[in-house]
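Asks: Chains as they are written, first to last, in UniProt numbering: chain A, 1 to 331; chain B, 1 to 331.
Since the hints were made in silico from the structure, they are not lab data.
No experiment lies behind these values; they were computed from the predicted model shown.
Heads up, a few of these hints could be off.
What the hints assert, rightly or not - Mimicking EDC-like on lysine to aspartate or glutamate, the simulated pairs with C-alpha atoms at most 16 angstroms apart in a straight line are:
#, chain 1, residue 1, chain 2, residue 2
1, A, 299, A, 288
2, B, 258, A, 253
3, A, 38, A, 98
4, A, 258, A, 227
5, A, 258, B, 253
6, A, 21, A, 98
7, A, 330, A, 302
8, A, 166, A, 297
9, B, 330, B, 309
10, A, 258, B, 227
11, B, 21, B, 98
12, B, 258, A, 227
Stated by the list, open to error - Derived CB-CB ranges, DEER-like:
#, chain 1, residue 1, chain 2, residue 2, range
13, B, 235, A, 235, 28 to 38 angstroms
14, B, 255, A, 236, 25 to 35 angstroms
15, A, 141, B, 10, 32 to 42 angstroms
16, B, 10, A, 18, 48 to 58 angstroms
17, B, 309, A, 236, 39 to 49 angstroms
Glycine included, C-beta positions come from ideal geometry on N, C-alpha and C.
Number of protein chains: 2
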Amino acid sequence: MNRQFLLNAHPVGDIKLTDLKYHESPMPVMGEGEILVKMEYLAVEPAMRGWMAGRSDYTEPLKVGDLMRGFGAGEVIESANSLYQVGCRVSGLLGMQEYAVTNGENFPIGIIDEAIDTASHLGVLGVTGLTAYCGLKAIGQPKVGETVLVSAAAGATGSVVGQLAKLQGCRVIGLAGSAKKCEWLTGELGFDAAINYKTDNVAESIQQHCPGGIDIYWDNVGGAILDLALEQLAVGARIVVCGGISRYNVSGEVPGPKNYFNIVFNNALMKGFVVSHYAHLFPEAIAELKKYLLSGELKHHEDIVEGFEQAPVALQRLFNGDNVGKQLVKV
Amino acid sequence: MNRQFLLNAHPVGDIKLTDLKYHESPMPVMGEGEILVKMEYLAVEPAMRGWMAGRSDYTEPLKVGDLMRGFGAGEVIESANSLYQVGCRVSGLLGMQEYAVTNGENFPIGIIDEAIDTASHLGVLGVTGLTAYCGLKAIGQPKVGETVLVSAAAGATGSVVGQLAKLQGCRVIGLAGSAKKCEWLTGELGFDAAINYKTDNVAESIQQHCPGGIDIYWDNVGGAILDLALEQLAVGARIVVCGGISRYNVSGEVPGPKNYFNIVFNNALMKGFVVSHYAHLFPEAIAELKKYLLSGELKHHEDIVEGFEQAPVALQRLFNGDNVGKQLVKV
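I would like the entire structure built from these sequences, with the hints used as guidance.
Replies: Set out below in structure tokens:
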């Protein structure tokens, strides 16, 4: 028997637990060249809100009744593909389910490096880390001494972005939604400053910590914070538009950034980022991320919910702001 | 006696004729290394609205009582600078006045090529042409067969952008506000199509003329048209944010582009453009623009108002949409 979550309804407003439906199906049957993977961890991502919405954007929208799309990592328990031995671990876009059959094509990462824990392969070495590395390298283009502002900085992507920018010699300021998250940023992760957007005056805090303006703004949130960042750009600033979590759960029209025209006054760039367009950078990204992980220069935290059936709860945590670092489900 | 226009009031809403004040001052006195220029043409630009507003953006804001900033072209009638002979013509940021004294530092173009008419040096060979060339080259990066949408396409900058994109092998669609302007675009200028944004259904027309989506959108207007363009981007699109004339005369907050997040779904770029950041491209730009002008491949039109005292009327014409091509004042 295979445990799965199917899309039960296109979410309206906040994601409800009932938007996903627990489902038991027969064990999947392996075909030629395929392998059978038993999942150990499932990842949840803010992007899932869009996948569930049934709108056509950069990926095929899910229909009600479809297996929920998602990344997972686990052990190969049967193999008809010589590239994958029984007993090795793999990660990939394997769906929100306990067992998956695949020919290997939906592995953006592939075989897990046993020197590094499995969970990391869904976070800092997974799509999250690739997003941080490729977006920062290709769009942010950090230079020594530049000031980098990161929103949702205690989230999976933001926490890697900030650390990578520090490793490039930048001053890094993070925005997060609790004192505990802010302490994690300036403590363990070594950010130069953190702003609690729920209790601090964000505009004043940005001014205080970015006196020469923002050179790189990594946007995971959109909304009011994007507008505040646009007010304090340095000349030549780069805005990596990676996410807009403030928009995802809003039904109907969401206002755009009223200060967008400041990109003209500041000769600045806003670039939308979807990691799949940067596959040419993946080998370099994985090599660099592994190097920093193994040297201990890159810290990470997985926020793990126990039990397959808790996957919808894990997903909700992302939108409540409850998670610190990468939100995973231990199957 | 020197005739000038001074800033009389920071405009509120639409520019009023009384926001500029006619002023007579003594003839300016030349110093060492300087020259005296008698203006033949003055240029007016949409950017003047921002200069007059007294807000600090990318240039020094003007104060009430200051000489109005502006480009002009005319004859050197006295010279204490061996680089500029009496009788040659020059163009530059010389102020909205009949006579100007300068040491040559405010000449982005410098000495006029007598093989090409003086007025062109304020339009297609002036800041307008440089804007079109540098923005298209550095941000738009047109490739053969791509689809380019240009707003305010019958304006000074847009008309050059569209023609340069055609010369690069692109399909070019222009947006303009009258049937006469649209005819000029598809007739004399060789655009592939024109959309009358006042009478056509803009969204449907874009869909019809850009079936594969917009690869390059040159934005001179902002507002609703920017949002409609954002809805129909091709993957990898580039948006050159050059102007936002729909915003300039609005007091208070102006909504941002509600569809900005489509740059994420389409891996697209929005870059703000101010020509002064692209000085390294000016020699190449001028050489190329001259070549196309002399070969007849680049058409242009100057919309000339007669009489120095008509400068405020000329400025208003930009915001009424009355002008076709570059709006000038013949002194």
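Asks: Does each hint fit the structure? Answer for all of them.
Replies: Structure-based check of all given hints:
At most 16 angstroms may separate the alpha-carbon atoms for a hinted pair to count; residue 299 (chain A) and residue 288 (chain A) meet this at roughly 14 angstroms. The hinted pair formed by residue 258 (chain B) and residue 253 (chain A) meets the criterion: a straight-line CA distance of about 7 angstroms does not exceed 16 angstroms. Of the pairs offered as hints, the one joining residue 38 (chain A) and residue 98 (chain A) holds, with about 6 angstroms between alpha carbons and a cut-off of 16 angstroms not exceeded. At roughly 7 angstroms between alpha-carbon atoms, residue 258 (chain A) and residue 227 (chain A) fall within 16 angstroms of each other, so this suggested pair holds.
Straight-line distance between C-alpha atoms of residue 258 (chain A) and residue 253 (chain B) comes to about 7 angstroms, which keeps the hinted pair within the 16 angstroms bound. For the given pair, residue 21 (chain A) sits about 14 angstroms from residue 98 (chain A) by alpha-carbon distance, which is consistent with the 16 angstroms threshold. Taking the CA atoms of residue 330 (chain A) and residue 302 (chain A), the gap is about 11 angstroms. The hint holds against a cut of 16 angstroms. A C-alpha spacing of about 10 angstroms is found between residue 166 (chain A) and residue 297 (chain A), which places the hinted pair at or below 16 angstroms, so the restraint holds.
For the proposed pair residue 330 (chain B) and residue 309 (chain B), the alpha carbon gap of about 10 angstroms is at most 16 angstroms, so the pair holds. Between the alpha carbons of residue 258 (chain A) and residue 227 (chain B) the distance comes to roughly 13 angstroms, so the proposed pair stays at or under 16 angstroms and holds. Using a Cα cut-off of 16 angstroms, the hinted pair residue 21 (chain B) and residue 98 (chain B) holds, with the two alpha carbons roughly 14 angstroms apart. With a C-alpha separation of about 13 angstroms, the suggested pair residue 258 (chain B) and residue 227 (chain A) falls inside the 16 angstroms cut-off, and the hint holds.
Remark: the range hint 28 to 38 angstroms for residue 235 (chain B) to residue 235 (chain A) is upheld by a beta-carbon distance near 29 angstroms. At about 26 angstroms, the CB distance of residue 255 (chain B) to residue 236 (chain A) agrees with the hint of 25 to 35 angstroms. Checking the proposed 32 to 42 angstroms range against residue 141 (chain A) and residue 10 (chain B) shows it holds: the Cβ atoms sit about 37 angstroms from each other. In this structure the hint that residue 10 (chain B) and residue 18 (chain A) lie 48 to 58 angstroms apart at CB holds, the actual value being about 56 angstroms.
Hint check: residue 309 (chain B) to residue 236 (chain A), Cβ distance near 41 angstroms, so the stated range 39 to 49 angstroms holds.
In this structure, every one of the numbered hints holds.
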